[in-house]
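Here the sequence shown is numbered in the numbering used here, starting from 5 and rising by one per residue.
Hints are computed from structural coordinates only; laboratory data are not their basis.
Wrong hints could be hidden among the right ones.
Unchecked claim - With a straight-line Cα cutoff of 20 Å, these simulated SDA-like cross-link-like pairs (lysine to any residue) come out:
1) Lys68 x Thr177
2) Lys118 x Glu132
3) Lys118 x Pro150
4) Lys73 x Tyr56
5) Lys68 x Asn82
6) Lys68 x Tyr56
7) Lys73 x Leu169
8) Lys118 x Ala129
9) Lys73 x Gly93
10) Lys118 x Asn151
11) Lys118 x Glu87
12) Lys73 x Glu87
13) Lys118 x Ala94
14) Lys68 x Pro100
15) Lys68 x Glu175
16) Lys118 x Ser145
17) Lys73 x Met176
18) Lys68 x Leu149
19) Lys73 x Leu171
20) Lys118 x Pro100
21) Lys118 x Met161
22) Lys68 x Val170
23) Lys68 x Leu164
24) Lys73 x Met161
25) Lys68 x Leu139
26) Lys68 x Thr92
27) Lys73 x Leu89
28) Lys73 x Ala94
29) Lys68 x Arg80
30) Lys68 x Ser145
31) Lys118 x Ala162
32) Lys118 x Val128
33) Lys68 x Pro49
34) Lys68 x Pro180
35) Lys68 x Leu169
36) Lys73 x Ser52
37) Lys118 x Gly93
38) Lys118 x Val95
39) Lys118 x Leu149
40) Lys68 x Gly138
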Amino acid sequence: MIRLHRIRDNTLAWLKRKLPIPVFLLASALVILLARDLAARRENPNPSPVAYLGAGDVPEVVLKENQVKQYVTTGRINGTPIEFLIDTGAVDVAMPYMVAQTLGLTLQPGGVSKTGNGDVRTWVARLESVDVGGLVAYDLSATILPNMQGDQVLLGMAYLRHMELVLRGGEMTLRPYPSH
Numbered sequence: 005m006i007r008l009h010r011i012r013d014n015t016l017a018w019l020k021r022k023l024p025i026p027v028f029l030l031a032s033a034l035v036i037l038l039a040r041d042l043a044a045r046r047e048n049p050n051p052s053p054v055a056y057l058g059a060g061d062v063p064e065v066v067l068k069e070n071q072v073k074q075y076v077t078t079g080r081i082n083g084t085p086i087e088f089l090i091d092t093g094a095v096d097v098a099m100p101y102m103v104a105q106t107l108g109l110t111l112q113p114g115g116v117s118k119t120g121n122g123d124v125r126t127w128v129a130r131l132e133s134v135d136v137g138g139l140v141a142y143d144l145s146a147t148i149l150p151n152m153q154g155d156q157v158l159l160g161m162a163y164l165r166h167m168e169l170v171l172r173g174g175e176m177t178l179r180p181y182p183s184h
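Could you build all of it, start to finish, from the sequences and the hints given here?
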């Protein structure tokens with residue numbers, strides 16, 4: 005009986021000493037995962053936009069601006085999920101070469117574009133569809149920039165000209181024009 009008490013006491017002492025390390029590691033991992041998710045939501049506060057019926061039964065999508073006052077959202081190009089940065093200064097939908105490759109786009113020589121980093125040779129492609137929260141535009145032009153980094157796509161006027169944009173209080177509301 006004395007021996008069992010000693011084993012039990014030794015086991016409890018061992019657990020008391022060792023348990024804090026795994027608990028600490030588990031808690032640390034959880035904090036890191038939560039911090040990464042929070043950072044991602046700050047960059048893209050619109051990971052799953054959905055159109056709903058607004059005034060006059062017109063579908064609309066409301067996007068929130070991120071912490072640097074940009075509108076970033078997840079959408080789809082030809083059915084593939086893509087992260088967009090809304091860019092009213094971009095003529096087309098502009099994307100890095102690697103994104104165009106991932107989408108399997110057929111590229112044609114596009115000429116030269118003037119950028120902040122100088123002149124850049126570009127490619128062009130046609131997009132079957134671009135979808136943000138169910139607001140879809142078809143047969144859009146895209147510019148492919150070989151030196152553009154990352155996987156974010158600039159959602160330019162090729163898509164936005166089909167939408168009414170309303171900016172108010174840190175939100176952008178997109179509504180399709182009736183003729184589209």
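Need the status of pair Lys118, Ala162: alpha-carbon distance at most 20 Å? It holds: about 18 Å lies between the C-alpha atoms, which stays within 20 Å.
Distance restraint between Lys68 and Thr177, which requires alpha-carbon spacing of 20 Å or less: Holds, at roughly 9 Å.
Take the C-alpha atoms of Lys73 and Gly93, compute the straight-line distance between them, and say whether it is at most 20 Å. Roughly 15 Å separates the two Cα atoms, so the pair holds.
Hinted pair Lys73 and Leu171, Cα distance within 20 Å: holds, 12 Å
Pair hint Lys118 and Glu87, alpha-carbon separation not exceeding 20 Å: violated, 24 Å
Measure nothing beyond the straight line between the CA atoms of Lys73 and Met161; if it is 20 Å or shorter, mark the hint as holding. holds, 19 Å
Against the 20 Å threshold, does the CA-CA distance of Lys118 and Val95 hold or violate the hint? holds, 12 Å
Is the Cα-Cα distance between Lys68 and Pro49 20 Å or less? holds, 6 Å
Below or equal to 20 Å on CA atoms is what counts here, so check Lys68 against Tyr56. holds, 15 Å
For the pair supplied as a hint, Lys68 and Asn82, is the alpha-carbon distance within the 20 Å limit? violated, 24 Å
Under the criterion that the straight-line Cα-Cα distance not exceed 20 Å, is the pair Lys118, Glu132 satisfied? Cα-Cα ~26 Å, so violated.
Hinted pair, alpha-carbon criterion (20 Å max): Lys68, Gly138. Please report holds or violated. Holds, at about 17 Å.
Comparing the model with each earlier hint shows violations of hints 2, 4, 5, 11, 14, 18, 30; every other hint is respected.
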